[in-house]
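Here the protein sequences come in this chain order: A and B. Numbering follows the working numbering, with no gaps: position 4 of the first sequence is 4. Numbering follows the working numbering, with no gaps: position 53 of the second sequence is 1053.
I should point out that these hints are in silico values taken from the structure, not numbers from a laboratory. Honestly, I wouldn't trust all of these hints.
Not close to chain B: a few residues of chain A, all C-beta gaps over 12 Å, as computed [claimed, not checked]:
| # | residue |
| --- | --- |
| 1 | F9 |
| 2 | F11 |
| 3 | S18 |
| 4 | E19 |
| 5 | D29 |
| 6 | L32 |
| 7 | P72 |
| 8 | A85 |
| 9 | R86 |
| 10 | G89 |
| 11 | G112 |
| 12 | P118 |
| 13 | P119 |
| 14 | T131 |
Partial pick of chain B residues on the chain A-facing surface, computed with a CB cut under 8 Å [said to hold, decoys possible]:
| # | residue |
| --- | --- |
| 15 | V1040 |
| 16 | L1083 |
| 17 | D1085 |
| 18 | V1089 |
| 19 | V1095 |
Since we're looking at a predicted model, the values are computed, not measured. We put the beta carbon where it would ideally sit given N, CA and C, even for glycine.
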Amino acid sequence: MSDTKTLTFAFMEPPFESERTVTFFRLLDAALERGAGVRVFAYEGAVALAFANQQPHGNAVHDRDSAEEDHPLTKDWIAALQEKARSKGIGFEWINCGLCVDERGVNDVIDGCGRGGPPDLWRYASDAHNTLTIGTR
Amino acid sequence: MSHYLFIQSQDPFTEIHTHHQFALIGQLHDAGHQVVVLLVQNGVTPARRDAKSDLFDDIVRRGVTVRADHFALMQREIGDADLKDQIGVADMDLVIDAMLAGHKVIWH
């Protein structure tokens, strides 16, 4: 455990808007697969990624109900990464920027995700072996 | 000498910023740094064999190591045989390995 390197990721993309979100989650998964600890500082729109009240929906145009459509939800992706980290005995932390949460009203987050601010990003980046910031463009 | 990995998500056909992004990549390479570019998302489009982008083709010609994300290629139905000769295929592991090796990893 003491040899585990921790990688920090800063991300600002909201759910369902951009391909960047998929790439971001693929990076987190790849990091865990490599045995690296992961810390995420989510800010701006990305604070909605962990929103507990996300709901799937069907697709009336293609005549699929909610179960058949199987709409992916980012909160479920985060939960899956948390479980993967637990099974591997490595760390996975997720902090949302509190100001960004407040302005968007997405205060209800799934278990294991917390609320913080820029000092947490500074702490995460300072303590990490390496840090990647993914901009919105 | 430093090691750089650029995650290139923007493509030169629709994003004006790629002019400066590719210029930076080329300058770092010419200055003697180890530079690798991983194309992701629509960033893979100039890697197609017949795609014409002076900006992109120039950095390939200058010897910058360029890889294209396998997942992005699959999504766009670009097969390995459809890529320019100098372009290899890679996955997100390339990014994580670079981060773990302490390289400077930059998202474009």
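Quick rundown of the hints versus the structure:
no., hint, verdict
1, F9, "violated, 9 Å"
2, F11, "violated, 10 Å"
3, S18, "violated, 9 Å"
4, E19, "violated, 5 Å"
5, D29, "violated, 8 Å"
6, L32, "violated, 9 Å"
7, P72, "holds, 15 Å"
8, A85, "holds, 14 Å"
9, R86, "holds, 19 Å"
10, G89, "holds, 18 Å"
11, G112, "holds, 21 Å"
12, P118, "holds, 19 Å"
13, P119, "holds, 23 Å"
14, T131, "violated, 8 Å"
15, V1040, "holds, 6 Å"
16, L1083, "violated, 19 Å"
17, D1085, "violated, 26 Å"
18, V1089, "violated, 15 Å"
19, V1095, "holds, 6 Å"
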